[in-house]
Each structure stands twice: as C-alpha cells, then as structure tokens.
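**Q** Here are the chains, one letter per residue:
Number of protein chains: 2
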Amino acid sequence: MSEAIAFLPPRPEVLSRRAEILADLKELVPPGRLVEERNALVPFETDGFIAYRRRPLAVVLPETTAQVAAVMKYCHRYGIPVVPRGAGTSLSGGAIPQEDAVVLGLSAMTRILDIDYQNRTATVQAGVTNLAISDAVGADGYFYAPDPSSQLACTIGGNIAMNSGGAHCLKYGVTTNNLLGVKMVLVDGTVVDLGGKHLDAEGYDLLGLVCGSEGQLGVVTEATVRLLAKPEGARPVLFGFDSAEAAGSCVADVIGAGIIPVAIEFMDKPAIEICEAFAKAGYPLDVEALLIIEVEGSEAEMEAMLAAIVEIAKRHGVKTVRESQSATEAALIWKGRKSAFGATGRIADYICMDGTVPLSQLAYVLRKTSEIIDRYGLRVANVFHAGDGNMHPLILYNINDPEDAAKAEAAGMEILKLCVDAGGCLTGEHGVGIEKRDLMLHQFTQVDLDQQMAVRSAFDADWILNPSKVFPLEGRG
Amino acid sequence: MSEAIAFLPPRPEVLSRRAEILADLKELVPPGRLVEERNALVPFETDGFIAYRRRPLAVVLPETTAQVAAVMKYCHRYGIPVVPRGAGTSLSGGAIPQEDAVVLGLSAMTRILDIDYQNRTATVQAGVTNLAISDAVGADGYFYAPDPSSQLACTIGGNIAMNSGGAHCLKYGVTTNNLLGVKMVLVDGTVVDLGGKHLDAEGYDLLGLVCGSEGQLGVVTEATVRLLAKPEGARPVLFGFDSAEAAGSCVADVIGAGIIPVAIEFMDKPAIEICEAFAKAGYPLDVEALLIIEVEGSEAEMEAMLAAIVEIAKRHGVKTVRESQSATEAALIWKGRKSAFGATGRIADYICMDGTVPLSQLAYVLRKTSEIIDRYGLRVANVFHAGDGNMHPLILYNINDPEDAAKAEAAGMEILKLCVDAGGCLTGEHGVGIEKRDLMLHQFTQVDLDQQMAVRSAFDADWILNPSKVFPLEGRG
Chain A
1 MSEAIAFLPP RPEVLSRRAE ILADLKELVP PGRLVEERNA LVPFETDGFI AYRRRPLAVV
61 LPETTAQVAA VMKYCHRYGI PVVPRGAGTS LSGGAIPQED AVVLGLSAMT RILDIDYQNR
121 TATVQAGVTN LAISDAVGAD GYFYAPDPSS QLACTIGGNI AMNSGGAHCL KYGVTTNNLL
181 GVKMVLVDGT VVDLGGKHLD AEGYDLLGLV CGSEGQLGVV TEATVRLLAK PEGARPVLFG
241 FDSAEAAGSC VADVIGAGII PVAIEFMDKP AIEICEAFAK AGYPLDVEAL LIIEVEGSEA
301 EMEAMLAAIV EIAKRHGVKT VRESQSATEA ALIWKGRKSA FGATGRIADY ICMDGTVPLS
361 QLAYVLRKTS EIIDRYGLRV ANVFHAGDGN MHPLILYNIN DPEDAAKAEA AGMEILKLCV
421 DAGGCLTGEH GVGIEKRDLM LHQFTQVDLD QQMAVRSAFD ADWILNPSKV FPLEGRG
Chain B
1 MSEAIAFLPP RPEVLSRRAE ILADLKELVP PGRLVEERNA LVPFETDGFI AYRRRPLAVV
61 LPETTAQVAA VMKYCHRYGI PVVPRGAGTS LSGGAIPQED AVVLGLSAMT RILDIDYQNR
121 TATVQAGVTN LAISDAVGAD GYFYAPDPSS QLACTIGGNI AMNSGGAHCL KYGVTTNNLL
181 GVKMVLVDGT VVDLGGKHLD AEGYDLLGLV CGSEGQLGVV TEATVRLLAK PEGARPVLFG
241 FDSAEAAGSC VADVIGAGII PVAIEFMDKP AIEICEAFAK AGYPLDVEAL LIIEVEGSEA
301 EMEAMLAAIV EIAKRHGVKT VRESQSATEA ALIWKGRKSA FGATGRIADY ICMDGTVPLS
361 QLAYVLRKTS EIIDRYGLRV ANVFHAGDGN MHPLILYNIN DPEDAAKAEA AGMEILKLCV
421 DAGGCLTGEH GVGIEKRDLM LHQFTQVDLD QQMAVRSAFD ADWILNPSKV FPLEGRG
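Keeping their order, the protein sequence lines are chains A and B.
Each residue of the first sequence is one higher than the one before, counting from 1 in our numbering.
Each residue of the second sequence is one higher than the one before, counting from 1 in our numbering.
For reference, chain A alone in the conformation it holds in the complex (with noise of 0.2 Å):
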C-alpha cells in the first residue's frame, strides 16, 4: 500500500526515555502484563486495517480498571500517547500505534460482572467479547443485539469506540441503541460512571458522545448493555434479482412501506460467487444481486411480512425466492454472509468501504460505485447491510503491487466522496480511524471539526488518547 496517509512524528523526549518509561510502567501491571521485546510487539503493529503498521513503544494488559486507571495517570504526567486496543480487528485502523504510544489493551479484561434478567442487562469488562454476552444469557432465551461480522474476536469494548453494528442492527439499532452505562477512566487517571441500569440520564448525554469517540475521549473498562429476549422464530429467505438497481429499488421499497425485517443484506454477483465457494450456502448463482432477507416472531407474523416482501420484490422482477427449510440450512446462509469478509480474503488483498447513504440513493450509489472501479480497471464485490443503508464495497486489488495498491486506494475515496454527495456520510460501523481521517474535510466544514476538536480537547487537552486518528492533521487547532 502507498503510505499516503500520515501520522504525527513521535515526540523525541517520548522516543528517548523509553528504558525509563518501560521500568515505570511494569510497577503499574500485574507480572507478564508489560510487552516490550521487539518480536512481541508485532502482532500490536496494525489491526483490521492492515496496509498501516507502526510499532509502539511498548504494550499493557492490565487486568482491572485501577491498573487502567494508573497507566493513564502516569501517562497523562509524562505526555505519553495511548492508544487503546480491544482485539485489533478494527477495519479503519483505529488500533493501529505510533512509535511514541503504548498500546493499552484491555483483551485480559473478560469478567461478565453480573446479569440482570429482571433489568434486562448484562454487565462485563471491556475485554469481553461481542459473542460472549449472547453465549452466556443465550440458554436463558436472551442475546445482545448488536452483531458485527466479527463478533467471535471484536470486543465491547471496540464496539462502543467504534460504534459497531451488525446485520441485525435494522432492527435493533447499533452500538449506541444497546448501550446502558460505562465505567471510563479519563485521561488523567480519575475513573466516571456514566449512565447505569435506568432509563436515560440526567446532565448531558456524555454516554452518547463516548460511544463512538474511537479511544479519544477515555478508556471504556466497563459496559452495561441491554439484553434482548429472543424471538420466537427467525428465517432467512434469498431473494434473487437480474439487476443490483432492481435489488436496490427494492430494499427502498420495502422499507419505504414501513416493513422493517430483522436484517436485509444484499450481495452482487462476485461476492455470491465467493461466498457460495467458501461456505456452500445454496446461494443462486443465476442472479446479478441477493438480498437476504430475515424476518422473525410467530409462524404468522413471519408469513405476514414475508407476504408483503414478496409483493414488493415481484414488482421489481425477482427472479428467485428461496425459503431456508430448516435451522441448518438458515445457519448455512448466515455463515456465508458473515464469512464474506474472510471468504474473500482467500482471493485477493481488498479494502473495504463503509459508506452510509440514503435507501432512495441506494440503485444510484451502486451504478456509479461500479462506474469508479471500471475507470480504475479494478474489481470490486458488495456485500452489505442494505436496510441501513450501509453499503461495504470490497475493491480487490494486489497489496504487493504499488501501482495496484494506489489504485484502489484512489478508487475508494473517490466511491466515499460519492457517498457523501448523495446525502450520506463516510462511515456507518467501522468508524473514522486513520483510513477516513482525511476525508472528514469533504464531509464536515472546518468549522463542524472546529467544533467536535474543541469538545476532544474538554477531554483530554493534550491530546495524548489514540492522537492521530479521526481529525485531519491539517487544521488541528
């Protein structure tokens, strides 16, 4: 990849008390919780995003929030820069180091603290995974709702720095829809709650602005979340059509009725071909585009709103419907999707996009997001939360190849800028990052950035949490 994007340099008097900052920080972090060899340290280099790669000073992995809380102290003293990591599976490079900061991971912390049916909530360690509060309430008939792709490795803690959502976020919203209470430790060590069990919180919604802030306005080490029952039943039906436009136009469509199923997610043909080839999904092969659509409740309900789809979809010209007959086979289809991400990693380096747009803008985005990539002569797959208006473009291209690798780099901010001229914006889960930093010019005014800078500085007014992410460097005040 070109390194077109840059990071701030490393503050010197940092860089060369390193022996001395190391020495510190063990007194701070259980024994084994201190990563300093040089080998150590790579696999904290990048994350998700990984045409970057810095090596950071050193790593902490402490294991409770008076250890988080002491790092941050002693960092803060010393104007040390953090950088708070969940699993490093972040798609924007929100996790990705410098050379001056300490990765302060928080992937030991994975105590579930308490579960509350009579509340509905759960209660765990930033560390814990997304998947790990669904597994433990699920034999209780309950699930967290919010389900990135990466739900098996993705922590709560990067879900709310970024905000994540998921397939099923159509129905029951992101992150920051499911989000009760954190305990944060600020940049200067103090540690705040911020909402809790009840409903809503007095004072200004400071929960609301933190999820979502990617590391910079503290460090998250505790959530509590809302807990879902399940539904009574959930079926995944295939929905096949000869045009991603008539796919498109239908997504607008049904939720412009006022239909609104668990999760709508659309494929085009390439990425139907290399998700059927990875996880044998039964997905027709045929069609130019796929919705998978999921509905959910009673035998009734789910057959009264699949009626109403399958009104719609006919008036757009679908050309297959295909009902998933058993728990096995909807399981299957599932797989495939989520595995689309891993699934196309197999055959070629890509990047991925995470442009949000107006559904009416839906069929227009897709012809022009292919009209980009032929001009670069790349290839691109989409699949993605088509009910949010979510879309994932993957422009593949060759991570050895600097020619290649410009391409598609060029090709996917030119297809985010698209995304913001219909009306929507650079990201809808994978946040900011150092991927779209530069970008957030053709989205926000100077004065909006003014604005949101002035409110990280309340925060934390040297700028030492996660510095060289979000904010273009140009124009910092």
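Simulated from the structure, these hints should not be mistaken for laboratory data.
Quantities reported herein were computed from a predicted structural model and do not represent experimental measurements.
The reader is advised that the hints may include incorrect statements.
Okay, the calculated beta carbon distance ranges per label pair [to be verified]:
no., chain 1, residue 1, chain 2, residue 2, range
1, A, Arg77, B, Gly138, 58 to 68 Å
2, B, His442, A, Asn39, 49 to 59 Å
3, B, Val447, A, Ala331, 39 to 49 Å
4, B, Ala461, A, Gly423, 28 to 38 Å
5, B, Val310, A, Ile50, 50 to 60 Å
6, B, Glu371, A, Glu311, 56 to 66 Å
7, A, Ile260, B, Leu441, 35 to 45 Å
8, A, Leu473, B, Arg53, 44 to 54 Å
25 Å max Cα-Cα, derived DSS-like pairs, lysine-lysine [said to hold, decoys possible]:
no., chain 1, residue 1, chain 2, residue 2
9, A, Lys230, B, Lys314
10, B, Lys368, B, Lys280
11, B, Lys171, A, Lys171
12, B, Lys417, B, Lys368
13, B, Lys280, A, Lys230
14, A, Lys171, B, Lys230
15, A, Lys407, A, Lys335
16, A, Lys368, A, Lys407
17, A, Lys171, A, Lys230
18, B, Lys269, B, Lys335
19, B, Lys171, B, Lys407
20, B, Lys407, A, Lys230
21, A, Lys335, A, Lys171
22, B, Lys319, B, Lys269
23, B, Lys230, A, Lys314
24, A, Lys269, A, Lys407
25, B, Lys417, B, Lys407
26, B, Lys171, B, Lys230
All C-beta atoms in this analysis are idealised placements derived from N, C-alpha and C, irrespective of residue type, glycine included.
Fit chain B to the supplied structure of chain A, relying on the hints for placement.
**A** The following block gives chain B in isolation, referenced to the frame of chain A:
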C-alpha cells in the same frame, strides 16, 4: 412556593443597555417579532414549572434560521444571556428566563419542510408541535413515535432540548432514538448541520450530545426525525391490582420475561380517581393500582402477547382485566391517562417529579415514596411510565400556602434522592432545568460535573445560553 432555587444575578451592563439592545434586536427580526412591552412579556415569565418566574429583557420570535443566527451573533458579541424557548411546556423550568436574558422563542418557526417516505423521514422547523408531525403523515399510515402528554402543544425543538419521552417510548425509544439530524445555530451565530437522513455519522456523536442538552450548546432550528409505519392494530388493556407493590412487581416480571408492549402506564388510587372523574374512561375504582398495558400488531400477535401478560398478572393476584372493546373506548383510556396532569391541576396545585429507577426497584420506591409523603402530611398521586421505570409522583399542595409549598418541595427532593439511591436517576424525560439543578451533586461527583461543564464551555465559553440551568451555581469553573 418558597424561592429555594437561586438564579444567577443579572448582568448590570446588560440591564443598563436595555433600550439600546431592544433597538438593535428590532433590526434583526421581522416587524412584530420583538416583544418588549411589560404586559406582553408576562406570558414568557415562566413555563410548566410555575413555581418560579422571572421577567426577561425581551422576547424575539424569529421566522428563519438566518434570523436566529443574527440574534445569536448579536447577543454573543455583547455578552447577553439567551434562553431558547419552544412552547413553554417544560416541567423543570427549562424555559424560565432571567432578567438580563433575551428569550429566543422558536414558536413562529412552524413549517414542515420535507416529508420523505422512502427514507422514512420528516424535516421540520423547530417550532412545529410534536403532534403536528404525526398529523401530517397520519393519512399515509405513518407517525412520529415519541409522545409526551403535552404533545398537542410542545414543540420538536423543546423535545430535543429535553430528550422528551412519552407513554409509547417503552417500545419506540425517546427523542434521541428517533432523531436523525438537526440544523443548529452555535452561540456565535455559526450554523451547523449535524446528522442527516443516513444511518449514524462519523466523527463524534454531537447529535446525541445536543439532544437533551437543554438549549445550552446551541439553538436547534430544524430537525430531521424518523417516521414509523402505524401498526396494524393497537389495544390498551386495564389491569387492576390490590396494591401498588403487586402492580410494580408485575411490571418488572413482564419486562423481565422479555415482553415489550408498546406502553405500560401505572396509576395509583388517587390518580385513578382524578382521571376517571375527568375523562370517564371506565377505569375500575375498586382497585389500589392500575396498569394500562397497550399491545399492538396483528390480531394474533396482540392475543399472544396479552395471554402471556395475563398469565404473569395472575401470579401477582390481578383483580380486574378489562380490554378496550372499540376504538372509542381505547381513545378514552388514553385520554384519561394523557390528561392526568391537567385533571390533577383542577383539584390542587402540584409538582411533578420525574425520577427514573431500575425496574426491579419499582415496588420498593413506590412504598418509600408513600412513607415520605405521609411523613410530610401531604398527598400524592402516582401516574407514570412504568415499563421504563420513569416515575411521576404528583405531590399535591397549596401554592398560596408558603409552608405547604416548602413541604412539597422538600418531599420532592427526598423522593428524587431516593430514586438515585435506588440505582436510578433524577430525570427520565423532563430534564434538569432549574428544578433539579441543585440535586445534580447527589447524582454526580464534582469530577463528573467538571467534565460536563468542560464540554459545555467547548460550545459556549461565556455561558450565555440558558445560564442558570442544569449545573449547580457553586462549583462552576
């Protein structure tokens, strides 16, 4: 009422320049949109929290965002406090002005700008009433979900300032869950757009921060909100119990079983009697506590959900179960509930608390509330959104008897502290305003408040927007 809550002293340099300021403001708004006569200012002296009143310097009623921006730019330049106001229905005194403040009334901004069914959004000016949005789209089968009891009068701008709720927010969420974007005038007159028709947004969640910030971060002039499709059917059902605790425990068990009706409203005996006398809604008069539980969906869905609820209610010894038999009966049931505050006002003065508690604490807090009220020799009527844990004890008193008023205020403060100590918070939907300002330190530490105030300063360094509200006067930076 005893004047227990202090306002900031007026700025002498503003009071002394009143004539000049009025002359300048007159240039900034259309003819007739500046209110300056003593008698004409009286309606703007207070809001729904009638215990306190202050005469403002002047009132402006702009018609456009540009006029709001011009007023803000002017007031910012000269350090003149500004108190934004919607319909003046705030129950926490959020719109009560002060002697040196210009009231910036949005009630003339009543245009519906855009209705977009394909993206399921409506964009309206801030002075549009809550109910007017649903009215504008009702014939097409849509509605706007949050429904404060004051929805006939209250404006969407005020709803955003207070993050308003309502009976149906149990299923559909409060304002912040149904708000997609705003146009907002910053303190210096700059106009920014936050959010839009697309899902989520990159950068910090300033939209979420603004929602519920009580007019202290800027003046919202336009809002884009989510429209929902009306359900197939809806049916309120009355459940009568022999004790408030049995009803409270029933609510906790319904929610704990993962059942989410559209609404669960609670009334104790005094509330039942007051509302029945007013609305003739057919409420049972031989019970101590009443739940109005509304289910919606198809006939089969409603029946299935009701059967499950009845089963749980029986375990708590429910005495009466009465389904509405017609649309007229259903409307009467809601009329009774929604006019509870008005009907109470016909028999006594009251202050309305807004504490919110975890559902598991509902029965306990009801019992303790009753003990507190008895100790003060007062009367209380409880009528509230039980499914959310959002309590509304109406403390009855005589506003013309200073001793009675002081007792009512003291009892109210004890009840709010009780809610906080039970793991809840001071306000569910009415906001802090001036009413609960001095209790904020019971909920938060000074560190928490310092952080919130730092955020406020990042928007309004001179604290000219709604300055006496939300934060205790002592301990301000």
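**Q** It remains to establish, for every hint, whether it holds in the given structure.
**A** Cross-check of the supplied hints:
| no. | hint | in the structure |
| --- | --- | --- |
| 1 | A:Arg77 with B:Gly138: 58 to 68 Å | 59 Å, holds |
| 2 | B:His442 with A:Asn39: 49 to 59 Å | 52 Å, holds |
| 3 | B:Val447 with A:Ala331: 39 to 49 Å | 48 Å, holds |
| 4 | B:Ala461 with A:Gly423: 28 to 38 Å | 33 Å, holds |
| 5 | B:Val310 with A:Ile50: 50 to 60 Å | 56 Å, holds |
| 6 | B:Glu371 with A:Glu311: 56 to 66 Å | 58 Å, holds |
| 7 | A:Ile260 with B:Leu441: 35 to 45 Å | 42 Å, holds |
| 8 | A:Leu473 with B:Arg53: 44 to 54 Å | 51 Å, holds |
| 9 | A:Lys230 with B:Lys314 | 24 Å, holds |
| 10 | B:Lys368 with B:Lys280 | 30 Å, violated |
| 11 | B:Lys171 with A:Lys171 | 12 Å, holds |
| 12 | B:Lys417 with B:Lys368 | 11 Å, holds |
| 13 | B:Lys280 with A:Lys230 | 39 Å, violated |
| 14 | A:Lys171 with B:Lys230 | 16 Å, holds |
| 15 | A:Lys407 with A:Lys335 | 31 Å, violated |
| 16 | A:Lys368 with A:Lys407 | 17 Å, holds |
| 17 | A:Lys171 with A:Lys230 | 13 Å, holds |
| 18 | B:Lys269 with B:Lys335 | 17 Å, holds |
| 19 | B:Lys171 with B:Lys407 | 36 Å, violated |
| 20 | B:Lys407 with A:Lys230 | 47 Å, violated |
| 21 | A:Lys335 with A:Lys171 | 20 Å, holds |
| 22 | B:Lys319 with B:Lys269 | 14 Å, holds |
| 23 | B:Lys230 with A:Lys314 | 24 Å, holds |
| 24 | A:Lys269 with A:Lys407 | 22 Å, holds |
| 25 | B:Lys417 with B:Lys407 | 15 Å, holds |
| 26 | B:Lys171 with B:Lys230 | 13 Å, holds |
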